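Asker: As they're listed, the protein sequences go chains W and L.
Each step along the first sequence adds one to the number in this note's numbering, with nothing skipped, and position 335 is 335.
Each step along the second sequence adds one to the number in this note's numbering, with nothing skipped, and position 115 is 459.
Treat the hints as calculated values from the structure; they're not laboratory data.
Note that the structure is predicted; figures quoted are calculated from it, not measured.
Accuracy of the hints is not assured; some may be wrong.
Unchecked claim - For lysine-lysine, the following DSS-like pairs were computed, each having C-alpha atoms within a straight-line distance of at most 27 angstroms:
hint : chain 1 : residue 1 : chain 2 : residue 2
1    : W       : Lys339    : L       : Lys358
2    : L       : Lys358    : L       : Lys420
3    : W       : Lys14     : W       : Lys76
4    : W       : Lys76     : W       : Lys38
5    : L       : Lys382    : W       : Lys339
6    : L       : Lys420    : L       : Lys382
7    : L       : Lys382    : L       : Lys358
8    : L       : Lys683    : W       : Lys38
9    : W       : Lys14     : W       : Lys38
Below, each chain spelled out in residue letters.
There are 2 protein chains.
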Amino acid sequence: MTEVPLFADLIEAKPATVARAVSIVENGRPGFEALLSKLHPRLGRARRIGITGPPGAGKSTLTERLVRAFLDQGLKVGVVALDPTSPFSGGALLGDRIRMESVALDPGVYIRSMATRGSLGGLATSTREVCDILDGAGFDRILIETVGVGQLELDVTHMADTTVLALVPESGDGIQALKSGVIEAADLLVVNKADRPGADKLRVALDLALDLRLGKIFGQMPAHHGTLRSGPRLAAEEPDERSWRPPVLLTTAVQGEGITGLVDALDRHWAWMTATGELEVRRRARLRLRTREIVDRAMRRWVWQESNGEALISARLDDVTAGVTSPYEVAADVVAVLKGGARQ
Amino acid sequence: MTEVPLFADLIEAKPATVARAVSIVENGRPGFEALLSKLHPRLGRARRIGITGPPGAGKSTLTERLVRAFLDQGLKVGVVALDPTSPFSGGALLGDRIRMESVALDPGVYIRSMATRGSLGGLATSTREVCDILDGAGFDRILIETVGVGQLELDVTHMADTTVLALVPESGDGIQALKSGVIEAADLLVVNKADRPGADKLRVALDLALDLRLGKIFGQMPAHHGTLRSGPRLAAEEPDERSWRPPVLLTTAVQGEGITGLVDALDRHWAWMTATGELEVRRRARLRLRTREIVDRAMRRWVWQESNGEALISARLDDVTAGVTSPYEVAADVVAVLKGGARQ
Numbered sequence: 001m002t003e004v005p006l007f008a009d010l011i012e013a014k015p016a017t018v019a020r021a022v023s024i025v026e027n028g029r030p031g032f033e034a035l036l037s038k039l040h041p042r043l044g045r046a047r048r049i050g051i052t053g054p055p056g057a058g059k060s061t062l063t064e065r066l067v068r069a070f071l072d073q074g075l076k077v078g079v080v081a082l083d084p085t086s087p088f089s090g091g092a093l094l095g096d097r098i099r100m101e102s103v104a105l106d107p108g109v110y111i112r113s114m115a116t117r118g119s120l121g122g123l124a125t126s127t128r129e130v131c132d133i134l135d136g137a138g139f140d141r142i143l144i145e146t147v148g149v150g151q152l153e154l155d156v157t158h159m160a161d162t163t164v165l166a167l168v169p170e171s172g173d174g175i176q177a178l179k180s181g182v183i184e185a186a187d188l189l190v191v192n193k194a195d196r197p198g199a200d201k202l203r204v205a206l207d208l209a210l211d212l213r214l215g216k217i218f219g220q221m222p223a224h225h226g227t228l229r230s231g232p233r234l235a236a237e238e239p240d241e242r243s244w245r246p247p248v249l250l251t252t253a254v255q256g257e258g259i260t261g262l263v264d265a266l267d268r269h270w271a272w273m274t275a276t277g278e279l280e281v282r283r284r285a286r287l288r289l290r291t292r293e294i295v296d297r298a299m300r301r302w303v304w305q306e307s308n309g310e311a312l313i314s315a316r317l318d319d320v321t322a323g324v325t326s327p328y329e330v331a332a333d334v335v336a337v338l339k340g341g342a343r344q
Numbered sequence: 345m346t347e348v349p350l351f352a353d354l355i356e357a358k359p360a361t362v363a364r365a366v367s368i369v370e371n372g373r374p375g376f377e378a379l380l381s382k383l384h385p386r387l388g389r390a391r392r393i394g395i396t397g398p399p400g401a402g403k404s405t406l407t408e409r410l411v412r413a414f415l416d417q418g419l420k421v422g423v424v425a426l427d428p429t430s431p432f433s434g435g436a437l438l439g440d441r442i443r444m445e446s447v448a449l450d451p452g453v454y455i456r457s458m459a460t461r462g463s464l465g466g467l468a469t470s471t472r473e474v475c476d477i478l479d480g481a482g483f484d485r486i487l488i489e490t491v492g493v494g495q496l497e498l499d500v501t502h503m504a505d506t507t508v509l510a511l512v513p514e515s516g517d518g519i520q521a522l523k524s525g526v527i528e529a530a531d532l533l534v535v536n537k538a539d540r541p542g543a544d545k546l547r548v549a550l551d552l553a554l555d556l557r558l559g560k561i562f563g564q565m566p567a568h569h570g571t572l573r574s575g576p577r578l579a580a581e582e583p584d585e586r587s588w589r590p591p592v593l594l595t596t597a598v599q600g601e602g603i604t605g606l607v608d609a610l611d612r613h614w615a616w617m618t619a620t621g622e623l624e625v626r627r628r629a630r631l632r633l634r635t636r637e638i639v640d641r642a643m644r645r646w647v648w649q650e651s652n653g654e655a656l657i658s659a660r661l662d663d664v665t666a667g668v669t670s671p672y673e674v675a676a677d678v679v680a681v682l683k684g685g686a687r688q
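Excised from the complex, chain W in its bound form (with noise of 0.2 angstroms):
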């Protein structure tokens, strides 16, 4: 009945609106699907760029400063900050959000920390949800950020328009990133602190193995990192204007250094993308997954909650923990009964 309302108040973006949106998609609270539904023709304007990187990266500071340089365009700014709540790293995360709480105070800014605790395999979906709300109400820019280590660094480059791969020159993390082949997934490389030794020869390793990339024979680079600085800088293949060479950028955020090159740099990737009809192919590729997605919380939805499969369980788990029946006949017939049950 308030559904309405909401809608018209989220559009135009009021505050308190948003605020009560992103709840009410985050809890699954009942609507939320219809009020994900009705916007969904609305969005698709803003820009959504995701953050990834390892610990000590300093993405939360690059994500800071980047919500400045968007406000000071004018633009509005919505960061969501996926934190996977380690129980043994909450104080770090804590200081992290701390400091990010300073842009918060600006009218143009909206900022949630979402936690993986307690919604694994789902967070994903949330986060893209709560994303739809951010644009629908009309955000310019939304930023993605991991925090902490683990899936969720692959995951947000299914997230975002445009993915940043955060690297610092001291770790060994910058050619970690080469082997793993996350630097695949990156759109713009930055290597941060770069004040700091080693950050031009990380740098250098950077464009070389980017180079190697767009010729192809990334696959058989050799990774020992000496190699990498010794071997023969191969050419880069002719330049394609179909293709795009990830920039390897210096920045070093906490003085607010190389932001403004990191900002063209996302501005030059955003006209690629339109140019060449790159932005339509992962859309459409992430509204494909989505909607995956929203079916598989649906069949879950309906075993769990509106049929009465945890019944069914209860009534065999005498048999399974006596094994007499294995949990896999029991899961068959739980099936079973459910495309059966579909019949009335």
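Chain W is fixed; fit chain L onto it per the hints.
Answerer: Structure of chain L alone, referenced to chain W:
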């Protein structure tokens, strides 16, 4: 056709068969659920021990030492290492794995690393199933060790009969663990690297926190470290043989110190669980969860492999991309078709 000889060889624990069965299960190859279903009545002999804790707590070294201790008792030991395969930390993890390989040469040991990458949402299920293979193959102890940071640290408590939480003195992880509630899930606490400064201080803090927990006022405990140390030590409740007070053990795993005490504590916890029926309660809860997971997996298989869910999405993706319809409307239609299609 080869399934029956595989089963016979498996329960004789022929090493090559164990490795083959684990691969079949891990990759979900044809017949994997039939094999697990057949194995189900034979399960329950192995003790499943989860080792969790923050990075740097020495979990791999602890695991390796436990493996050696169990081997010295003439036991067969399986190790399942859960590796979140962060693209940014491959190197350090690899080092751990290589170190572990030193005990892998013993014929009484089987070690398997399981990577999350590409199995998002399915790792927990696969891990439990690999543990079943090892249980069915006659391994006496199964150590499940988390590597890295994230949700997995909590998941392990749902895979094991007994959960060991490893902490180290110098980090703030101990206090974080107290605050986050992960301590609630641990059956044994280990302060590893106990030769370092602060080990005894951490032990005292953990002991106090556990006493307070038993006193049911854990929720009101001041989280500040200083307060913890200087606050009054409350008396624990009267000992109750029905309740288990997690011991706080000191180990220096790299030198093998404290391992005997840890093995003894594991035995005591096992004896307590069997005497009180707690083991039955835990295993029953795990079997319920397992059956749910198998149902979810079967439903996904039905939607995406046995039915035309993917084709239904493809047919309407143009409309979704154009904003004519939303992913939610398409998903609802797919679910309706599946429910209806079950009628034929």
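Asker: With reference to the structure, classify each hint as holding or not holding.
Answerer: Evaluation of the provided hints:
1. Lys339/W - Lys358/L: violated, 40 angstroms
2. Lys358/L - Lys420/L: holds, 12 angstroms
3. Lys14/W - Lys76/W: Roughly 12 angstroms between the alpha carbons, so the hint for lysine 14/W and lysine 76/W holds.
4. Lys76/W - Lys38/W: Status holds; Cα separation ~22 angstroms.
5. Lys382/L - Lys339/W: Judged against 27 angstroms, a Cα distance of about 24 angstroms means the pair holds.
6. Lys420/L - Lys382/L: Roughly 22 angstroms between the alpha carbons, so the hint for lysine 420/L and lysine 382/L holds.
7. Lys382/L - Lys358/L: holds, 18 angstroms
8. Lys683/L - Lys38/W: Answer holds: lysine 683/L to lysine 38/W is near 24 angstroms, not above 27 angstroms.
9. Lys14/W - Lys38/W: holds, 18 angstroms
Of the hints listed earlier, the one the structure fails to meet is number 1.
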